[in-house]
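Colleague: Sequence:
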Amino acid sequence: MNSKETKFQLNISCKDLIRDLDLGFNPRVILFRLKKESNKTKWIQHDKTEIIKDSTSPEFTKPITVNYEYGEIQSVKIVVVNVKNEDYDNFNELEDRLNGINKNVQQQKGQQQGFLNVLNVVVNDIGNLFEDYEILGMCDTSLSDIVTANGGEFNKDLSRENKKSGEISIISEETHENKYIMNLHLMGDRVIQESMVNTKSKLNKFMPSN
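For what it's worth, the working numbering labels the leading residue of the sequence shown as 353, then goes sequentially.
No lab work stands behind these hints, which were simulated from the structure alone. Built from N, CA and C at the ideal position, the CB exists for glycine as well. Where hints are given, some of them may not hold.
Dumping the calculated DSBU-like pairs for lysine-lysine here, alpha-carbon to alpha-carbon at most 35 Å [what the hints assert, rightly or not]:
{"hint": "1", "residue 1": "Lys356", "residue 2": "Lys400"}
{"hint": "2", "residue 1": "Lys356", "residue 2": "Lys387"}
{"hint": "3", "residue 1": "Lys394", "residue 2": "Lys414"}
{"hint": "4", "residue 1": "Lys367", "residue 2": "Lys400"}
{"hint": "5", "residue 1": "Lys400", "residue 2": "Lys516"}
{"hint": "6", "residue 1": "Lys392", "residue 2": "Lys436"}
{"hint": "7", "residue 1": "Lys508", "residue 2": "Lys436"}
{"hint": "8", "residue 1": "Lys414", "residue 2": "Lys359"}
{"hint": "9", "residue 1": "Lys394", "residue 2": "Lys508"}
{"hint": "10", "residue 1": "Lys414", "residue 2": "Lys508"}
{"hint": "11", "residue 1": "Lys388", "residue 2": "Lys436"}
Label-pair distances were calculated between CB atoms; the ranges are [claimed, not checked]:
{"hint": "12", "residue 1": "Asn391", "residue 2": "Asp368", "range": "32 to 42 Å"}
{"hint": "13", "residue 1": "Asn514", "residue 2": "Asn535", "range": "50 to 60 Å"}
{"hint": "14", "residue 1": "Gly423", "residue 2": "Ile533", "range": "31 to 41 Å"}
{"hint": "15", "residue 1": "Gly452", "residue 2": "Lys405", "range": "26 to 36 Å"}
{"hint": "16", "residue 1": "Thr417", "residue 2": "His537", "range": "29 to 39 Å"}
{"hint": "17", "residue 1": "Thr527", "residue 2": "Asp497", "range": "15 to 25 Å"}
My request is simple: use the sequences and hints to build the entire structure.
Modeller: Here it is in structure tokens:
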């Protein structure tokens, strides 16, 4: 990580997810980053959340960590999927299809409607073809929009087939890393035993604080 980069944790939740048939919800969020290779750009799977079972408004506990570089445009695509097979963890096909979208967009540079048409066809394709998961919705944004959102919370609609399919919220939190080691020596004096029956040793709990 260079001096211009800052590490952020993205805590993600969704609201009011919609699917065509009510056959259960097991949502998961996948974040893709746009990587430049020579004169080409390619969507690369960066990270994903855990699966939340049976929820149309999931609050994911596993954050996604990103390195944000100030002054750089870092495009991201956020895809929410409904996982049908919980053991399935390989989204390379999805990455390939997103890059198919990106290729067509490059060929139709400046034609926004052309992009939307291509996106709709591919999203429909994905939802119908894969038995292990289906796309519930997606949105495009940038890391700068996420980490500089008012109040530290980024909100945006998810869409599928040009229709709103839910909402996504991302709370970004800057993290700091260091290599310091702290040794604590603890001693108790006149610890009160609350019960004659409970003779277990007293334990101190330490919780992280910002």
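Colleague: Please go over all the hints and tell whether each is borne out by the structure.
Modeller: Hint by hint, here is what the structure shows:
1. Using a Cα cut-off of 35 Å, the hinted pair Lys356 and Lys400 holds, with the two alpha carbons roughly 25 Å apart.
2. Restraint check for Lys356 and Lys387: the C-alpha separation of about 18 Å stays at or below 35 Å, so the hint holds.
3. At roughly 25 Å between alpha-carbon atoms, Lys394 and Lys414 fall within 35 Å of each other, so this suggested pair holds.
4. Between the alpha carbons of Lys367 and Lys400 the distance comes to roughly 17 Å, so the proposed pair stays at or under 35 Å and holds.
5. For the hint pairing Lys400 with Lys516, the CA-to-CA distance comes to about 22 Å; that is within 35 Å, so the pair holds.
6. For the given pair, Lys392 sits about 33 Å from Lys436 by alpha-carbon distance, which is consistent with the 35 Å threshold.
7. A threshold of 35 Å between alpha carbons decides the hint, and for Lys508 with Lys436 the separation of about 25 Å falls inside it, so the pair holds.
8. Between the alpha carbons of Lys414 and Lys359 the distance comes to roughly 16 Å, so the proposed pair stays at or under 35 Å and holds.
9. Restraint check for Lys394 and Lys508: satisfied, since their Cα atoms lie roughly 23 Å apart, inside the 35 Å limit.
10. For the proposed pair Lys414 and Lys508, the alpha carbon gap of about 20 Å is at most 35 Å, so the pair holds.
11. The hinted pair formed by Lys388 and Lys436 meets the criterion: a straight-line CA distance of about 32 Å does not exceed 35 Å.
12. In this structure the hint that Asn391 and Asp368 lie 32 to 42 Å apart at CB holds, the actual value being about 40 Å.
13. The hinted window of 50 to 60 Å between Asn514 and Asn535 holds, with their beta carbons roughly 59 Å apart.
14. For Gly423 paired with Ile533, a C-beta distance near 34 Å keeps the hint of 31 to 41 Å intact.
15. Between Gly452 and Lys405 the Cβ separation comes to about 31 Å, which falls inside the hinted range of 26 to 36 Å.
16. Look at Thr417 against His537: about 33 Å separates their beta carbons, and that is inside 29 to 39 Å.
17. Between Thr527 and Asp497 the Cβ separation comes to about 19 Å, which falls inside the hinted range of 15 to 25 Å.
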